[in-house]
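Please model the entire structure based on the sequences and the hints provided.
Line order of the protein sequences matches chains A and B. The numbers in our numbering rise by one with no breaks, and the one at position 85 of the first sequence is 85. The numbers in our numbering rise by one with no breaks, and the one at position 179 of the second sequence is 179.
Quick caveat, the hints were computed from the structure, so don't treat them as lab data. Where a beta carbon is used, it is the ideal one built from N, C-alpha and C, also for glycine. Any given hint might turn out to be false.
Among chain B residues calculated to face chain A with C-beta under 7 Å, some are [to be verified]:
| no. | residue |
| --- | --- |
| 1 | P42 |
| 2 | G43 |
| 3 | I115 |
| 4 | L131 |
| 5 | V194 |
Here are the simulated DSSO-like cross-link-like pairs (lysine-lysine), alpha carbons at most 30 Å apart as the crow flies [stated by the list, open to error]:
| no. | chain 1 | residue 1 | chain 2 | residue 2 |
| --- | --- | --- | --- | --- |
| 6 | A | K143 | B | K195 |
| 7 | B | K169 | B | K377 |
| 8 | B | K195 | A | K260 |
| 9 | B | K268 | A | K260 |
| 10 | A | K152 | B | K195 |
| 11 | A | K55 | B | K195 |
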Amino acid sequence: MKKFDRRNFLKLAAVTAGGLLLPGQANSGMLEELTSALRSLEGNKEVPPPIRGIKFGMVIDLGLCIGCRRCSYACKRENNVSDTISPPWITVFETESRTGIEGHYVHSEKPGKGTTMLYTKLRKDKWYMPTQCNHCDNAPCVKVCPTGASYKDTDGLVVIDYNKCIGCRYCMTACPYHARRFNWWKPNISPDRLNPLVPVRHLGIVEKCTFCIHRTRMGKTTRCVEACPNKARIFGNLNDPDSEISKLIASERNFRLKDKLNTEPRIWYLTRAKDKPMAWTTPLPPPEGIRGFES
Amino acid sequence: MREFITEFKKNTSRSFYIFNGILLVIVIWGFYNWGLALTEGPGITGGNDFVPWGIYLVGFVFFVGASAGATLIGLMIHAFSREDYEALGIRAILVGLLSLMAAVLNLMMDVGSPIRAILVPWVLHNMTSMLIYTSSTYFIFGGLFLAELFFALKIARGTATQTDEKIAKWLAIIAVPFALGILHAPHGALFAVVKAREYWHTPLLPPHFAVSALVTGTSFMILLALITSRIEKKEFVGRETLEHMGGLLAFFITLNLFFDFYDIFVLKYSEEPEGIEILDLLFGRFAPLFILNFGGLFIALMVLLNKRGRSVRALTFVSCLSIAAIMAYRWNLVIGGQILPLLPGYPEIHYYPTIPEIAMEAGIISLWLLLYSALTKTLPMEGPAKAHEKIPRPAHGVRRFGKGFQPVHTRKINY
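Encoded structure:
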């Protein structure tokens, strides 16, 4: 047996330490992660500052949603959502009936059978239910975030500071709406579809719908609202009593997802009264280039 | 240094080198996979957006529970003056320290950006997060265990003053309420505060975690005593001590079964939709683990209550079984809680650990064993009071656990 003296011991120690550290060293961005976190202590500089006196909210009219998933596609392109993120930020569910929707989502009952999720064929006898981050006023994800990377801003948006997120995924388990996604793989976005206004999230951090913070804080509406062919989505200022959204919330039958959890979501869903005709009674032009559409 | 190495070489056998060599290989394999996860992405693990917390979180809560044994032994030695436990003293502190290290390592492997996680809770902190409190306790307990180790080593070397012994005593005594109150219960609260997950969201969870930590901790200590006796080929702790630990284990298992039962009973009785979903999962896809959890603890209790249930063989079986049962409970809770869909319409959610993930967990366990065997080899383990030499002095108030004391050397134990 080889003599086990100090020199050999030091050699062995050096080899072991090298072997342990080598794979870690390969990730050259690790030091950058640390410094960016320290820099972001002064505040999140990657997003425009909130506008005073505004509180954003959204209404989704389930009677008008045809389940085309254009919002989901448009959101993905606008926000540099990588192909490795699945399901996307906006997930559209297909449900059996209107009562089914209310039954499932308001009271969070046992899931019905035969419901499917994304990119199914569009059917007239089904209802569609888009879900995304609800930007809750009493957000559980903000409460549980250990670093303060998730925070509620003054204009009602729940924002993630990507420089502070450590990727512990506590927020993902805490979110009742399954709105958050983790970067399990390196982001994969082709350069031609890269939106320079939105930062690309790196490996190992959490992301979610931002209510298109880079647009809405500059006075524009969200991309999903623009993309909706049937105007099922309405975005606006809840503080303004004359805005369309405030009137809709006050007048129509509406509900919020899992209201009993007291999360105070900022997205309201509208259901149509029984005597009102459904959107399907008026024929729509078939959306072009949407997968799975059956006219 | 040279003297130390010659001494070390004299005391170690060939099997020690082989055993630790294998462990070292597994540790390197695990850490290599961690490096892979950092460069390629955490996607190489079995985790996904539906089950974001995988095997590491199960390992994490398990190791935190395992550290409970250390505080328990400290309590026995210092508060109940049971000198027969002193042979376990330093080893128990090492187990506590290493288990905390393993728990933290589990967390570090779990997070997407471990280098940034070093800043928690010093620089980055949000005081409403339970994770801040749990991560702070690792430093508190790490410090406490290190201090306990320092004084225990001083006592073992025979250089301790009376003040040192007093400090050691009080450290061990304050460790117990601290452990239950700020180490184990907050880990239950970590899950219990998540109102989105019905399976976790129960006020019973924090005390349940504390009790199951005591079950794992006690089982760990029994196994430790038996295995050490086996390796060192001498009566490491007395028969009376083993029986006493068996009695403690029976008590903790009863408490744990009580919590387990009422958890299920309330769900079944109230028949809320979420409760039915949980029961469907536990009696359906997760049934084998559920049976292991309930049945394992029940069998363990039955064996312990039997007259011959405190023999070496029975105690080995019982402690292995209760560790497996608690492991199954943790798995059901952590993974099962996430497998229940948050919104209707998702396909059936699955989680299977992958090879790199298992490698990393095996690496952590091997590192634990490696450090433990290296430290017990190099640190003075034998206190001035050796259980196999001294007749244990019965302490006031402990008699009710055993059937009266008998000098250890008059009874033969076959390890």
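Evaluated hints:
Below 7 Å, beta-carbon pairs count as interface contacts, and B:P42 has one with chain A at about 5 Å; its hint therefore holds. Taking 7 Å as the C-beta contact cut-off toward chain A, the hint placing B:G43 at the interface holds, the least distance being around 3 Å. At its closest, the beta carbon of B:I115 sits 5 Å from a beta carbon of chain A; the interface hint therefore holds under the 7 Å criterion. Checking B:L131 against chain A by beta carbon gives a least distance of about 4 Å; that is within 7 Å, so the hint holds.
For B:V194, the interface hint holds, the least distance from its beta-carbon to any beta-carbon of chain A being 5 Å, beneath 7 Å. For a cut-off of 30 Å, the pair hint linking A:K143 to B:K195 stands: about 12 Å separates their Cα positions. Between the alpha carbons of B:K169 and B:K377 the distance comes to roughly 25 Å, so the proposed pair stays at or under 30 Å and holds. Pair hint B:K195 plus A:K260 holds up; C-alpha atoms about 11 Å apart against a cutoff of 30 Å.
With a C-alpha separation of about 22 Å, the suggested pair B:K268 and A:K260 falls inside the 30 Å cut-off, and the hint holds. A hinted pair counts as satisfied when its Cα atoms are at most 30 Å apart, and A:K152 with B:K195 qualifies at roughly 19 Å. Proximity of A:K55 to B:K195 is assessed by CA-CA distance (about 26 Å); at most 30 Å being required, the pair is judged to hold.
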